[in-house]
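Residue numbers (the numbering used here), protein chains in the order written: chain A, 1 to 385; chain B, 1 to 385.
Incorrect hints may have been included.
The list makes no distinction among identical chains, and a pair is therefore deemed to hold if it is satisfied within one copy or across any two copies.
[To be verified] In the DMTMM-like style, the derived pairs of lysine to aspartate or glutamate whose C-alpha atoms are separated by at most 20 Å in a straight line are: (1) Lys152 <-> Asp162; (2) Lys221 <-> Asp67; (3) Lys311 <-> Glu72; (4) Lys110 <-> Asp74; (5) Lys77 <-> Asp222; (6) Lys87 <-> Glu157; (7) Lys383 <-> Glu330; (8) Lys152 <-> Asp170.
What the hints contain is simulated information worked out from the structure, not anything from laboratory work.
Below are the chains, spelled out letter by letter.
Protein chains: 2
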Amino acid sequence: MKVMILGIDGYLGWALALRLAADGHEVSGIDNLYTRKAVEEVGSTTALPISSPEERITAAKEVMGVDIRFYEGDITKYAFLQKTIRKENPEAIVHFAEQRSAPYSMIDVKHANYTLTNNLSGTVNLIYAVRKVDPRIHIVKMGTMGEFGTPKFDIPEAAFIDVSINGKEDRITVPKWGGSWYHWSKVHDTNNLLFANRLWGLTMTDIMQGPVYGSRIPEIKDPRLFTRLDFDEVWGTVLNRYCVEAVLGMPLTQYGQGGQTRAFLSLEDSVHSLSLLIDNPPEHGNYRVANQFTELYSVRQLAEMTKEIAKQLGINVQIKEFENPRVELEKHYYNPEIKVLPALGLTAPRRNIRDELKVMIRDVMENKERLEPYRGVIAPKTKWR
Amino acid sequence: MKVMILGIDGYLGWALALRLAADGHEVSGIDNLYTRKAVEEVGSTTALPISSPEERITAAKEVMGVDIRFYEGDITKYAFLQKTIRKENPEAIVHFAEQRSAPYSMIDVKHANYTLTNNLSGTVNLIYAVRKVDPRIHIVKMGTMGEFGTPKFDIPEAAFIDVSINGKEDRITVPKWGGSWYHWSKVHDTNNLLFANRLWGLTMTDIMQGPVYGSRIPEIKDPRLFTRLDFDEVWGTVLNRYCVEAVLGMPLTQYGQGGQTRAFLSLEDSVHSLSLLIDNPPEHGNYRVANQFTELYSVRQLAEMTKEIAKQLGINVQIKEFENPRVELEKHYYNPEIKVLPALGLTAPRRNIRDELKVMIRDVMENKERLEPYRGVIAPKTKWR
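Construct the complete structure from the given sequences, taking the supplied hints into account.
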């Protein structure tokens, strides 16, 4: 199958490109390399060194014998996006090309506006480009479990849901509540995609994914093939951040009491899930929502697990409660449905989280010296209030 | 009171400026004059000639003895917005400065993106500027009844509502469904405003207003004080469009079967309602939702009324069913709550719709010859599908 990845240079984008290429798909991708610059902007770097897009593609050719086509460019430029899609003529387009950090969106008005306008424009451009070039292209859009917030109802895997409001029955879009401008940009995207689906019958999978952890998939057989791994307070998701903290001998930065429960998955499970969704598109014209995760943990449980695994590797770490920079409940109900991916074959986590932690900590240990100068960018500084 | 109007050059913006100034408020305003250009862009014009911002302000001074301060500029430029708010130091800011046409937003990808990014950026800038300059400023934001779509439940006047979902009780944001990118931009705005209110305690009134009709308020005592009146398929709201069609002897453009029921109000009732909301702000830190309308009509009823009044003025017009360019239900339940404005004193329509139709048709008749060349821009051309 011909698959195009928007945001191919990112953490998931590059890993997915390797997986799809290894599976025999014809892979192309677009990236404006913004994340590389924006991580530098906050004074940080990737925990594992990554190659340039050109070096990556050369390495993929040499190591795996695959040809991945890379286009540097910005999908908020409509003409460029449409032209590139027309040239590649893919059957599926995976859309990761959005600003993906909640703290980054909360830095100030400039970052708030960048996040909202960049993310909404890219998605609207994709909608129109697909409608124009070939309305049968399957749009696989990365959203986040964070769009749901922490509701008291069971989180469904659906675009619409039946409700009762003051004695009247109606079918409404699944209620959402964003915890940052980033999360709201994803909620707005979902509404925009759903509107386009109803109006023009475009075929879509809207993925609600939990935070991803891990540094490896089997295809990463050469250091030039590493995908980025962020750990700072702006770009690092919680478990990846904990691992770097452990390696640097810093206390694990648990936000508040740590009862925040989220739906996690490994990098391997993320690319595997994405492959399943790409290989098994919905019927033409359908809008499919897939919740994508394998396990539920509180951020305190993750800190305790990191401490345990670090100890096995000879590192003693402390867990420290930091004043929560975010506005979020630290104790709440959380029950997301997950049926779509299991029905396609995602039966259980393909990686044990403790094993993955060990792999990740070892990968980061090899970079300990390189990461020493970045100690200052890990503790939470970007505050919601 | 010091009141600043964003979008002071528009249909409602200018009329409200006159009303507030006449009531003794100190009025300033910002406008980028985009609507003037965008109406020209679609080959149209205002049905009643309007003066330049400078001439309007001079006329207001001469005729009413009031000083209105005008700043030409774009609120999507944050530094300009913040500086102007700091200079004026208003107690309330009324925000009309958005792209306000549903068909305009549906022309193509460029117009879709302009609508979404312009509207969201302006509102986010306003949020941050108020937070920075003085968080006590009352933000009065113009939304639309169209944000609700046509639900089967009674439309509440609230940000949140209690629901039952699969046996679980929760409080969610009031369900919305936009019928165009324009409508979605307003829905996204509402979510963004509500998020900012919860996070930073800003004081807000989010107005859900129905379509406004009419050419006059008592303050318009001089032709130089006219506010714009749009009638083309892109910019004209339904009743204003019907009046121009009647005057030009064209069939009234009823979209589809005409059962679409909406919540209407006259220009006089709109500025009166806005005055009531400005003069009676919510408690500091509160988020108030006000549904703003006086009467419910289907677009068919409005066509019949226009036909009746035109006949009294010696004009015979036909009603013609046009293929509906929009995607909307033409027969539906519609029961919006309205309590906030009546509690502040909006007891009944201050204008009889038939009297207003007469006034409007007479105003347009004086411009008949001027409008002849614009016959081609009235029938629906911008199609949703």
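Could you place Lys383 and Glu330 in one of the four classes (within, between, both, neither) given a Cα distance threshold of 20 Å?
The answer is within: 16 Å in one copy meets 20 Å, while 48 Å across copies does not.
Same-copy or cross-copy closeness of Lys152 to Asp170 [CA-CA at most 20 Å]:
For Lys152 and Asp170, both the intra-copy (19 Å) and inter-copy (6 Å) Cα distances are at most 20 Å.
Homo-oligomer pair classification [Glu157, Lys87; C-alpha up to 20 Å]
So Lys87 and Glu157 fail the 20 Å test inside a copy (34 Å) and across (50 Å) alike.
Within, between, both or neither: Lys152, Asp162 at alpha-carbon 20 Å:
Cα proximity of Lys152 and Asp162: in one copy and across copies (15 Å, 11 Å).
Checking Lys311 and Glu72: alpha-carbon separation at most 20 Å within a copy, between copies, both or neither?
Classified as neither; 43 Å inside a copy, 64 Å across copies.
Could you figure out if Lys110 and Asp74 sit no more than 20 Å apart (CA to CA) within one copy, between two copies, both or neither?
Both. Shortest intra-copy (19 Å) and inter-copy (16 Å) distances satisfy the 20 Å Cα cut-off.
When no copy is specified for Lys77 and Asp222, does a C-alpha distance of 20 Å or less occur within a copy, between copies, both, or neither?
neither (34 Å within a copy, 47 Å between copies)
Give the relationship of Lys221 and Asp67 under a CA distance limit of 20 Å: within one copy only, between copies only, both, or neither.
Close inside one copy (16 Å), not across copies (73 Å); limit 20 Å.
Checked against the numbered hints above, the structure violates hints 3, 5, 6; every other hint is satisfied.
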